[in-house]
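S.K.: Sequence:
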Amino acid sequence: MKVLKGKAIRYETAMYNRKREVVELHITVVPIILGGELQGIHCIGKDITKRKNMERILQEMVYEDFLTHLPNQRALQKHFEVLLEEKEKFALLLLDLDRFKMVNDSWGHEMGDLLLKAVSHRLAHYLTEEASLFRYGGDEYIFTKVFVEEVEVSAFASKVQSLFKDPFIIENQEVTISSSIGISLYPEDGEDLDTLFKKADNAIYFSKKHGRNHATFYGTHGMAKEDRLLKMEHLLQNALKREEFSLVYQPQVELKTQKVTGIEALLRWHNEELGNVGPDHFIPIAEESGLIIEIGKWVAKEAFSQLRAWCDLGYRGLEMSINISIHQFYHEEFLTCLEKIVRESGVAPKQVVLEITESIASNADVVLGQLEKIKAMGFKVAIDDFGTGYSSLKYLKDFSIDYLKIDKSFVQEIDTNSKDQDIVSAIITLAHNLGLETIAEGTETRGQIEFLQEQGCDTAQGYFYSRPLSPEDVLAFIKEAYR
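FYI, the numbering for the sequence shown is 31 to 513, going by the numbering used here.
For the record, the hints were derived by calculation from the structure and aren't laboratory data. Keep in mind it's a predicted model, so treat the numbers as computed, not measured. Where a beta carbon is used, it is the ideal one built from N, C-alpha and C, also for glycine. Mixed in with the good hints, there may be bad ones.
Taking lysine to any residue and the SDA-like style, the derived pairs with C-alpha atoms no more than 25 Å apart in a straight line are [unchecked claim]:
| # | residue 1 | residue 2 |
| --- | --- | --- |
| 1 | K449 | L88 |
| 2 | K80 | E480 |
| 3 | K189 | H155 |
| 4 | K189 | I207 |
| 5 | K35 | G70 |
| 6 | K509 | E284 |
Cβ-Cβ distance ranges computed for the label pairs, FRET-style [said to hold, decoys possible]:
| # | residue 1 | residue 2 | range |
| --- | --- | --- | --- |
| 7 | E221 | A506 | 46 to 56 Å |
| 8 | K286 | I39 | 40 to 50 Å |
| 9 | A506 | E94 | 35 to 45 Å |
| 10 | K380 | E480 | 26 to 36 Å |
| 11 | Y46 | H311 | 52 to 62 Å |
| 12 | S448 | T158 | 23 to 33 Å |
Could you build the full structure based on these sequences and the hints that come with them?
M.R.: And the structure:
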């Protein structure tokens, strides 16, 4: 034993206290040496139960979708790696709820969330013995199914869609909804998850186009001339020239003072042919095609110019947040262009917050160097949608960041759900222990705000305070807040 040889030892253990509760301890055993002889030992025990519980909660967040409790995208990635090792043929079935937006628009997002939970429960209850089920995001689900003959996949897709024949009972109301499915096959349609997903997504477009409530194999229509992704990319190429982009701004309110301390710039695209296109649809295409670089420059110029206008009116304490994609972050001219835009706009770098996602942290060494350059230039950095991507306590400690933005999926039910409360409380505690400030996204109720205040959350952003606004409406909102 090392301690008998004059060396200290440290280890972790668990035991019961008087209340028969499990207590986790960090034990340090130090030898007591007098005159060169071991006279005894000194033991120090530190209660680390709270820290261990917080680490377990954060680890659970990594692999579980918080709303539906189904495995999430990160769990899908690990599962995909296992499938590759087993070297069997399998199908990726992408399921999308038809006209789900209509449910949200008609009955509100709370009803939409309840429907997603009900759908998830029905799918998981009847189908998980035959295939693996994941929530991909929004109203999209993914199944992976090992098969020998394609007819097995077709039969399974039909069984999935049969589960939507009966209505869902939500808040004593019957909600009838159907689903469209796009199917890609490994290895015929692709040998990596990203390729298989894109081809299943392409197939689902044809399912919806031909009447919805259909299942389509990618190979059936994959070579069709009409490809919505190519079409959208073509229209995106001219969107800047045609001035089709615009920015809206959502205020961020400091919870202690109820003053507006920051603004997030949000990109919108309206095309005459496509109508209003959501960022979730066009940003991935812009990233893949490389158009995101020029679009990102335009966003920065517009946002910083607007910030300067507000500063000139006397609101000099505001910070402006803009979202930075992984493609922008790693682009060789990113920092040079950003510095030039800030200089020309006349705002101070300390007023600029660059929002990056956790997925960027997957290449830790490169990220660390880039973040150090960003901080040296005076900019601030926020981790956006914290808890939904690449979570690592080590990277949070090592990276030079200023804010953690708590994803709205963890905020939506904190005024009623104890598990939500534990997770949000853990994130706030973690952030503050690391010297970071917290911004809660998606706040919609007074109960959520009161809980966040009790836990010491620094800032909130969401419809409770304001929807995304035009520059003129932002100014009116700020004036009202500062009265």
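S.K.: Decide, hint by hint, whether the structure agrees.
M.R.: The hints, checked one at a time:
no.: 1; hint: K449 x L88; result: holds (12 Å)
no.: 2; hint: K80 x E480; result: holds (23 Å)
no.: 3; hint: K189 x H155; result: holds (13 Å)
no.: 4; hint: K189 x I207; result: holds (15 Å)
no.: 5; hint: K35 x G70; result: holds (11 Å)
no.: 6; hint: K509 x E284; result: holds (15 Å)
no.: 7; hint: E221 x A506: 46 to 56 Å; result: holds (54 Å)
no.: 8; hint: K286 x I39: 40 to 50 Å; result: holds (45 Å)
no.: 9; hint: A506 x E94: 35 to 45 Å; result: holds (41 Å)
no.: 10; hint: K380 x E480: 26 to 36 Å; result: holds (31 Å)
no.: 11; hint: Y46 x H311: 52 to 62 Å; result: holds (54 Å)
no.: 12; hint: S448 x T158: 23 to 33 Å; result: holds (26 Å)
Checked against the numbered hints given earlier, this structure breaks none of them.
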